[in-house]
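Make the full structure from the sequences, and use the hints.
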Amino acid sequence: MKIYFFLMTLLFTPFSWAEGALSGTVEQQPLNIPAIVMFLVFVAATLIITYWAAKKMRSTSDYYAAGGGITGFQNGLAIAGDYMSAASFLGISGLVYLSGYDGLIYSIGFLIGWPLILFLVAERLRNLGRYTFADVVSYRLEQLPIRTLSAFGTLAVVALYLIAQMVGAGKLIQLLFGLPYHYAVVIVGVLMVLYVMFGGMLATTWVQIIKAVLLLLGASFMAFMVLKYVDFDLNVLFEQAVSVHPKGLDIMAPGGLVADPISAISLGVALIFGTAGLPHILMRFFTVSNAKQARRSVFFATGFIGYFYILTFVIGFGAIVLLSTNPEFFDVNGLLVGGNNMAAIHLSKAVGGDFFLGFISAVAFATILAVVSGLTLAGASAISHDLYASVLKKGNSTAKQEIRVSKIATVILGAVAIYLGILFEDQNIAFMVGLAFAIAASANFPTLILSMYWKDLTTRGAFIGGFAGLLTAVVLVIVGPIVWVDILGNTEALFPYKYPALFSVSTAFLCVWFFSMTDRSNRAENERKKFEHQFIRSQTGIGAHDVSDH
Amino acid sequence: MSADLYEQVKKNHKFHQLVKQRSRWAWGLSSIILIMYFPFILLIAFSPAWLGQSLIGGVITIGIPIGVLIIVMAFVLTGVYVHKANKDFDRINQEIIHEIKQ
Chain A
1 MKIYFFLMTL LFTPFSWAEG ALSGTVEQQP LNIPAIVMFL VFVAATLIIT
51 YWAAKKMRST SDYYAAGGGI TGFQNGLAIA GDYMSAASFL GISGLVYLSG
101 YDGLIYSIGF LIGWPLILFL VAERLRNLGR YTFADVVSYR LEQLPIRTLS
151 AFGTLAVVAL YLIAQMVGAG KLIQLLFGLP YHYAVVIVGV LMVLYVMFGG
201 MLATTWVQII KAVLLLLGAS FMAFMVLKYV DFDLNVLFEQ AVSVHPKGLD
251 IMAPGGLVAD PISAISLGVA LIFGTAGLPH ILMRFFTVSN AKQARRSVFF
301 ATGFIGYFYI LTFVIGFGAI VLLSTNPEFF DVNGLLVGGN NMAAIHLSKA
351 VGGDFFLGFI SAVAFATILA VVSGLTLAGA SAISHDLYAS VLKKGNSTAK
401 QEIRVSKIAT VILGAVAIYL GILFEDQNIA FMVGLAFAIA ASANFPTLIL
451 SMYWKDLTTR GAFIGGFAGL LTAVVLVIVG PIVWVDILGN TEALFPYKYP
501 ALFSVSTAFL CVWFFSMTDR SNRAENERKK FEHQFIRSQT GIGAHDVSDH
Chain B
1 MSADLYEQVK KNHKFHQLVK QRSRWAWGLS SIILIMYFPF ILLIAFSPAW
51 LGQSLIGGVI TIGIPIGVLI IVMAFVLTGV YVHKANKDFD RINQEIIHEI
101 KQ
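From first to last, the protein sequence lines are chains A and B.
Under my numbering, read the first sequence as residues 1 to 550, first letter to last.
Under my numbering, read the second sequence as residues 1 to 102, first letter to last.
I should point out that these hints are in silico values taken from the structure, not numbers from a laboratory.
Each hint should be verified, as a subset may be incorrect.
The calculated BS3-like cross-link candidates involving lysine-lysine, where the alpha carbons are at most 25 Å apart (straight line), are [as the list claims (entries may be wrong)]:
#: 1; chain 1: A; residue 1: K292; chain 2: B; residue 2: K10
#: 2; chain 1: B; residue 1: K20; chain 2: A; residue 2: K292
#: 3; chain 1: B; residue 1: K10; chain 2: A; residue 2: K530
#: 4; chain 1: B; residue 1: K10; chain 2: B; residue 2: K101
#: 5; chain 1: A; residue 1: K529; chain 2: B; residue 2: K11
#: 6; chain 1: A; residue 1: K292; chain 2: B; residue 2: K101
#: 7; chain 1: A; residue 1: K292; chain 2: B; residue 2: K14
#: 8; chain 1: B; residue 1: K20; chain 2: A; residue 2: K530
#: 9; chain 1: B; residue 1: K20; chain 2: A; residue 2: K455
#: 10; chain 1: B; residue 1: K20; chain 2: A; residue 2: K529
#: 11; chain 1: B; residue 1: K11; chain 2: A; residue 2: K530
Just a few of them, taken from the derived set where beta-carbon distance is under 8 Å, the chain A residues facing chain B [claimed, not checked]:
#: 12; residue: L104
#: 13; residue: L111
#: 14; residue: P115
#: 15; residue: F119
#: 16; residue: V242
#: 17; residue: G268
#: 18; residue: R295
#: 19; residue: Y309
The structure presented is a predicted model; accordingly, all values stated were derived computationally and were not measured.
The beta-carbon is built from N, C-alpha and C at its ideal position, and this holds for glycine as well.
And the structure:
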């Protein structure tokens with residue numbers, strides 16, 4: 001047992017927890033009927049919503065932004081839903097189960113970007129943009145290069161995230177439902193295409209809201225049962241956990257999750273700036289009617305996400321106490337059945353029996369479904385709104401054409417996601433979510449924030465800087481320890497750190513700054529002049545797209 | 001939106017007041033977040049034992065209330081900003097829009 005934990009700590013690569021349980025070989029479990037039935041109920045409900053949304057859909061605004069009619073509270077739930085993926089639920093509670101305090105460090109990192117998004121980004125984003133964050137970046141810059149850059153940044157993030165989620169869904173369904181891997185990948189792929197293609201942002205948002213509510217309810221119930229077990233005395237919970245955990249008192253302190261200061265800061269940069277550069281999250285700010293509702297969205301989202309992370313901490317410790325002494329949850333080798341990231345799933349059975357196990361399993365799968373739908377919509381919008389309507393047709397396409405292209409893009413993305421999900425079944429995908437965050441932080445975030453705040457930004461600077469950030473992130477991950485050593489089998493990494501963000505984000509900002517400052521063209525002059533108008537609109541909302549603006 | 005309207009906003013003293021106030025709050029609150037978060041991360045990297053010392057003699061360590069406090073503060077500070085914006089920024093903004101429409 002001790003050796004096992006030691007090995008797990010060695011093998012443990014940050015971010016691998018993210019889809020961690022979900023990678024590696026997984027054995028198919030016996031058919032879980034209650035879980036399948038509850039999941040089917042969820043699917044039926046969401047398909048009815050999709051039908052309802054499809055009937056309401058008339059304009060591009062309905063399709064991309066739910067007509068701007070989502071309230072701040074609803075959007076807060078939807079944002080929280082996008083963020084509380086199966087990865088954070090199973091991954092963080094599994095990490096707490098494995099090493100205690102370290103799980104809290106991750107939670108804090110993932111949460112801390114949200115207040116900054118509120119203070120610095122949310123209102124300006126809503127006031128300047130319409131459907132995608134590229135609307136904001138290209139507000140006063142040249143459409144073709146900037147939209148191309150943003151579409152690349154979006155599609156790279158979406159593709160990496162989608163593959164990780166697809167593979168995760170496949171592994172999870174083997175464990176939870178007892179169905180084959182390929183079923184899961186195809187089911188997820190087909191359903192997400194249906195939601196996005198017919199229901200657009202409205203259906204995607206409601207799928208996300210329903211799932212967020214179910215997940216919060218389920219997690220609350222589990223944490224409540226854990227606390228009830230220790231008579232609502234946290235001291236007892238922690239004491240019992242320390243006494244049964246092989247690491248003993250060490251689970252109450254940081255345990256070497258981040259080894260050196262450079263990695264620590266780099267991870268912090270990736271999480272903070274990456275959150276503010278995720279295209280599917282940024283898109284949510286255009287679904288509300290104005291800047292005020294955008295603010296409220298972040299307030300509620302931060303509350304729900306923070307509450308959820310505190311729950312996962314309790315759930316992880318509850319799993320230590322309630323599972324460790326029960327042989328039912330361990331295989332012949334003394335390992336937790338299905339791996340550490342199954343801790344929350346097993347705990348649901350321990351506190352709520354087979355019925356509740358079925359509920360949590362169904363919610364975990366619904367969670368993946370909701371997150372991939374949001375990703376697919378963001379990817380399809382980058383193709384139809386940024387590449388097709390703005391770059392290819394130079395703004396001269398009709399709403400009907402644009403939506404049709406988006407639907408075709410959705411089907412293609414769905415097919416590609418299914419194909420890649422099957423292709424990557426037995427691959428190590430641990431680096432993918434980390435890389436997605438690094439690209440979001442290095443390619444999307446610097447150009448977005450500078451377009452809002454820095455008058456001297458020019459098209460040349462943004463284009464070169466954005467691509468420099470993207471390339472640096474990709475290259476540093478490839479030659480870093482996770483891909484170069486763990487996957488490609490080389491003995492030593494060319495780049496010693498697991499997180500490239502500190503370096504790739506700095507490269508991006510430096511390049512944007514340098515190539516903007518040295519840009520003496522007439523175009524650059526014009527772009528600087530336009531900043532004042534943009535600034536006034538971003539501050540006051542005068543001229544911003546509103547609900548009635550089709 | 002006509003360029004003329006923007007010129008009016010630019011000349012409006014309330015607009016400059018709004019910009020100044022809002023950026024003071026936005027950057028001030030952002031600094032508080034960063035001042036909470038980065039020292040925490042550096043403590044983890046340099047001095048995990050400090051976070052691991054017992055809080056009041058039991059198994060609960062100093063790191064746990066600190067961690068939970070950061071999560072709670074993140075939420076509280078978003079509340080502070082939203083409250084301030086609803087109370088003051090929106091009002092000033094409405095006044096500006098009202099004035100330039102006359």
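Hint-by-hint comparison with the structure:
no., hint, verdict
1, A/K292 <-> B/K10, "22 Å, holds"
2, B/K20 <-> A/K292, "19 Å, holds"
3, B/K10 <-> A/K530, "13 Å, holds"
4, B/K10 <-> B/K101, "14 Å, holds"
5, A/K529 <-> B/K11, "17 Å, holds"
6, A/K292 <-> B/K101, "21 Å, holds"
7, A/K292 <-> B/K14, "19 Å, holds"
8, B/K20 <-> A/K530, "21 Å, holds"
9, B/K20 <-> A/K455, "17 Å, holds"
10, B/K20 <-> A/K529, "21 Å, holds"
11, B/K11 <-> A/K530, "17 Å, holds"
12, L104, "4 Å, holds"
13, L111, "6 Å, holds"
14, P115, "5 Å, holds"
15, F119, "4 Å, holds"
16, V242, "5 Å, holds"
17, G268, "5 Å, holds"
18, R295, "5 Å, holds"
19, Y309, "6 Å, holds"
Consistency with the previously given hints is maintained throughout, with no hint failing.
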